[in-house]
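Asks: One-letter residues, chain by chain:
Protein chains: 2
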Amino acid sequence: MKKSDVIKTLLNHRYVYTENTSGSAFAPANIALCKYWGKRDIELNLPVTSSLSVSLGEQGAHTTVSLINASEDKIRINEEDITLDTQIAKRLIEFLDLFRSNTEMHFAIDTKINIPMSAGLASSACSFAALIQALDQLFSWQLDRINLSILARLGSGSACRSLWDGFVKWHAGKEEDGMDSFAELLPYEWPHLCVGLLVISDQPKPISSREAMQKTVNTSCYYKSWPEKVKTDLAVLQEAIASRDFDLFGSVAESNALAMHASMLTANPPILYWLPETVAMMHQIWKKRAEGLPIYFTQDAGPNLKLLFLKTDIEQVKKTFPEIKIIMPFEKH
Amino acid sequence: MKKSDVIKTLLNHRYVYTENTSGSAFAPANIALCKYWGKRDIELNLPVTSSLSVSLGEQGAHTTVSLINASEDKIRINEEDITLDTQIAKRLIEFLDLFRSNTEMHFAIDTKINIPMSAGLASSACSFAALIQALDQLFSWQLDRINLSILARLGSGSACRSLWDGFVKWHAGKEEDGMDSFAELLPYEWPHLCVGLLVISDQPKPISSREAMQKTVNTSCYYKSWPEKVKTDLAVLQEAIASRDFDLFGSVAESNALAMHASMLTANPPILYWLPETVAMMHQIWKKRAEGLPIYFTQDAGPNLKLLFLKTDIEQVKKTFPEIKIIMPFEKH
Chain A
280 MKKSDVIKTL LNHRYVYTEN TSGSAFAPAN IALCKYWGKR DIELNLPVTS SLSVSLGEQG
340 AHTTVSLINA SEDKIRINEE DITLDTQIAK RLIEFLDLFR SNTEMHFAID TKINIPMSAG
400 LASSACSFAA LIQALDQLFS WQLDRINLSI LARLGSGSAC RSLWDGFVKW HAGKEEDGMD
460 SFAELLPYEW PHLCVGLLVI SDQPKPISSR EAMQKTVNTS CYYKSWPEKV KTDLAVLQEA
520 IASRDFDLFG SVAESNALAM HASMLTANPP ILYWLPETVA MMHQIWKKRA EGLPIYFTQD
580 AGPNLKLLFL KTDIEQVKKT FPEIKIIMPF EKH
Chain C
280 MKKSDVIKTL LNHRYVYTEN TSGSAFAPAN IALCKYWGKR DIELNLPVTS SLSVSLGEQG
340 AHTTVSLINA SEDKIRINEE DITLDTQIAK RLIEFLDLFR SNTEMHFAID TKINIPMSAG
400 LASSACSFAA LIQALDQLFS WQLDRINLSI LARLGSGSAC RSLWDGFVKW HAGKEEDGMD
460 SFAELLPYEW PHLCVGLLVI SDQPKPISSR EAMQKTVNTS CYYKSWPEKV KTDLAVLQEA
520 IASRDFDLFG SVAESNALAM HASMLTANPP ILYWLPETVA MMHQIWKKRA EGLPIYFTQD
580 AGPNLKLLFL KTDIEQVKKT FPEIKIIMPF EKH
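Protein sequence lines correspond, in order, to chains A and C.
Residue numbers are given in this note's numbering: position 267 of the first sequence equals residue 546, and the series is strictly consecutive.
Residue numbers are given in this note's numbering: position 78 of the second sequence equals residue 357, and the series is strictly consecutive.
Where hints are given, some of them may not hold.
Where chains are identical, the list cannot tell them apart; a pair therefore holds if satisfied intra-copy or between any two copies.
[Said to hold, decoys possible] Computed cross-link-like contacts, BS3-like style, restricted to lysine-lysine with a CA-CA straight-line distance of at most 27 Å: (1) Lys-567 <-> Lys-448; (2) Lys-494 <-> Lys-566; (3) Lys-510 <-> Lys-353; (4) Lys-567 <-> Lys-494; (5) Lys-503 <-> Lys-318; (6) Lys-510 <-> Lys-598; (7) Lys-484 <-> Lys-503; (8) Lys-566 <-> Lys-604; (9) Lys-598 <-> Lys-448.
For the record, the hints were derived by calculation from the structure and aren't laboratory data.
Small disclaimer: the values here were computed from a predicted structure and weren't measured.
When you get a sec, could you build the whole thing from the sequences and use the hints?
Replies: Structure below.
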């Protein structure tokens with residue numbers, strides 16, 4: 280199954296002439312509390328398991344996409360023109376290819392990302408989520424968000440979770456064409472929830488998360504237990520969110536992240552994103568927790584930690600981690 | 280099944296009056312290349328899986344045990360009298376209890392351990408292995424080493440692997456009484472093999488390996504894959520030893536150690552023996568290896584790493600890790 284087949288299915292009667300020349304949209308970044316780790320279809324970014332994230336409110340990407348009279352696409356990120364042979368430009372152009380009605384059609388993308396790029400927050404998720412909504416506006420598709428999440432997924436798996444604010448669940452689905460692999464908003468808010476970003480390193484990763492994921496799936500002796508782990512974690516996490524049981528919430532999110540990293544550790548050759556400072560910070564978090572501060576972490580495919588805690592503990596957390604950047608995902612609500 | 284039942288089976292017709300008043304023996308320390316991680320019987324230290332180690336030649340424990348006229352046992356380790364309410368004394372006394380013919384019988388143990396106690400080398404393995412051989416001499420049991428390995432196991436699981444010099448395999452066994460859970464020497468030597476000790480911390484562990492093991496068995500989502508991992512690793516490791524394929528040997532040993540630590544990471548709550556320096560050293564080892572130096576590590580339930588390399592690379596290894604202590608397990612042979 281190809282991406283173009285998915286496009287054909289979803290846009291069949293919509294892919295028409297539009298009078299708009301541009302479209303604009305914002306999409307928040309998201310942090311997975313139960314991780315997306317492993318694909319069942321690499322071409323369509325179909326995951327082995329479902330996953331669950333919280334969006335980061337006003338932190339994300341604002342994108343304008345325009346039709347331009349030019350011989351190639353133009354990509355601008357944070358006021359800088361991006362060379363078209365860079366990794367990120369290639370991915371965006373390949374994504375845009377799916378939506379050109381002819382080879383002469385070219386786009387200009389102008390994206391402003393207000394998340395700290397160095398903090399290990401995946402900027403690709405919010406970028407593709409904003410882009411697909413901007414394209415929807417440009418072409419007047421009027422697709423609903425669930426279908427847009429399917430299209431965003433074709434650009435970057437976790438992008439499908441950035442279509443909404445709040446807690447979002449991405450259903451793994453079972454279909455070959457991935458039409459049942461979409462994200463949706465969970466009907467819960469948690470106004471006091473805080474996410475703290477701790478930047479340990481802003482150096483490029485030694486191995487991309489896409490590659491790490493695939494190597495883990497293919498070689499880890501533990502990966503076969505990952506789907507079962509996720510199944511349990513997802514159920515408990517949703518219960519913890521619904522009942523606002525913060526200790527349960529934090530411990531499941533932390534345990535899920537550690538299980539993801541443990542699976543990488545047993546890949547062949549082993550993959551370890553951790554730096555010495557990552558371990559120092561883990562021990563510090565566990566020490567503080569043992570002393571009574573309800574603070575947990577999650578970690579994606581990089582060395583940085585993301586802290587989870589409640590508004591009541593902001594001052595204590597700041598005292599322990601003065602360099603922390605705090606985001607309250609539900610602040611506006 | 281109780282320890283005393285095992286003693287009865289093995290010493291039935293041997294547990295007799297002896298004219299000796301003391302016995303002496305030496306046992307080497309051992310480093311597991313395929314780890315012992317998880318018990319199927321806590322009382323008898325019966326393991327879930329087989330394991331494989333290399334003994335450290337002249338590094339180990341020299342123990343003399345004597346019958347004394349006193350109201351309690353006396354324990355001396357490295358010229359120091361040990362208080363009987365310490366952890367190590369309690370374990371030794373409990374072990375001696377198995378061999379007293381009456382409650383008035385008391386022992387003096389005098390042990391000299393010449394391994395760096397701070398290097399994360401389990402001193403209990405060589406201590407119990409030396410002690411059981413000293414007791415065999417004292418009581419003139421004349422048990423063979425395989426049966427002595429069964430008795431040593433009752434004191435400390437991995438002690439059964441310290442009965443021999445060289446590569447030793449501990450068979451998990453299936454019997455309830457553990458009579459088929461013994462160690463034996465593998466018929467291979469590897470004169471150029473080096474083990475390097477890197478001391479990262481000599482602080483007491485935050486959690487004993489016995490406790491970490493049990494918590495992992497009981498709560499890790501990945502532990503159920505451990506036996507299968509060990510089965511493969513054991514087979515490949517023996518093949519690598521037999522064919523002196525060092526890269527295969529090193530990579531399996533390293534992978535096995537990482538899988539053990541990955542299983543702990545997914546215990547509930549998570550267990551992490553690593554310190555920041557552990558991770559720094561891992562990255563350094565991987566970097567050197569990527570540059571062409573065939574160097575691998577293994578790690579037990581502590582923060583320290585044990586390096587594996589060949590004699591030809593001693594100088595380069597010393598240049599990279601000036602603080603390393605190098606042992607050649609087969610030097611004497």
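Asks: Determine for every hint whether it applies to the structure shown.
Replies: Do the hints match the structure? See the list:
Taking the shortest alpha-carbon separations for Lys-567 and Lys-448, neither the intra-copy value of 30 Å nor the inter-copy value of 42 Å comes in at or below 27 Å. Proximity of Lys-494 and Lys-566 under a CA criterion of 27 Å is satisfied inter-copy only: 19 Å between copies versus 33 Å inside one chain copy. Taking identical chains as interchangeable, the C-alpha atoms of Lys-510 and Lys-353 are never at most 27 Å apart, the minima being 42 Å within one chain and 55 Å between chains. For the homomeric pair Lys-567 and Lys-494, the shortest alpha-carbon distance between copies (22 Å) is at most 27 Å, but the shortest distance inside one copy (34 Å) is not.
Taking identical chains as interchangeable, the C-alpha atoms of Lys-503 and Lys-318 lie at most 27 Å apart whether they share a chain (13 Å) or sit on different chains (23 Å). For the identical chains of this complex, Lys-510 and Lys-598 are neighbours neither inside a copy (36 Å) nor across copies (48 Å), given an alpha-carbon limit of 27 Å. Taking the shortest Cα distances, Lys-484 and Lys-503 sit within 27 Å of each other inside one copy (25 Å), while across copies they are farther apart (31 Å). Taking the closest pair of Cα atoms, Lys-566 and Lys-604 come within 27 Å of each other only inside a single copy of the chain (21 Å); across copies the shortest separation is 32 Å, beyond that limit.
Taking the shortest alpha-carbon separations for Lys-598 and Lys-448, neither the intra-copy value of 33 Å nor the inter-copy value of 52 Å comes in at or below 27 Å.
Hints 1, 3, 6 and 9, counting from the list given before, are not met by this structure.
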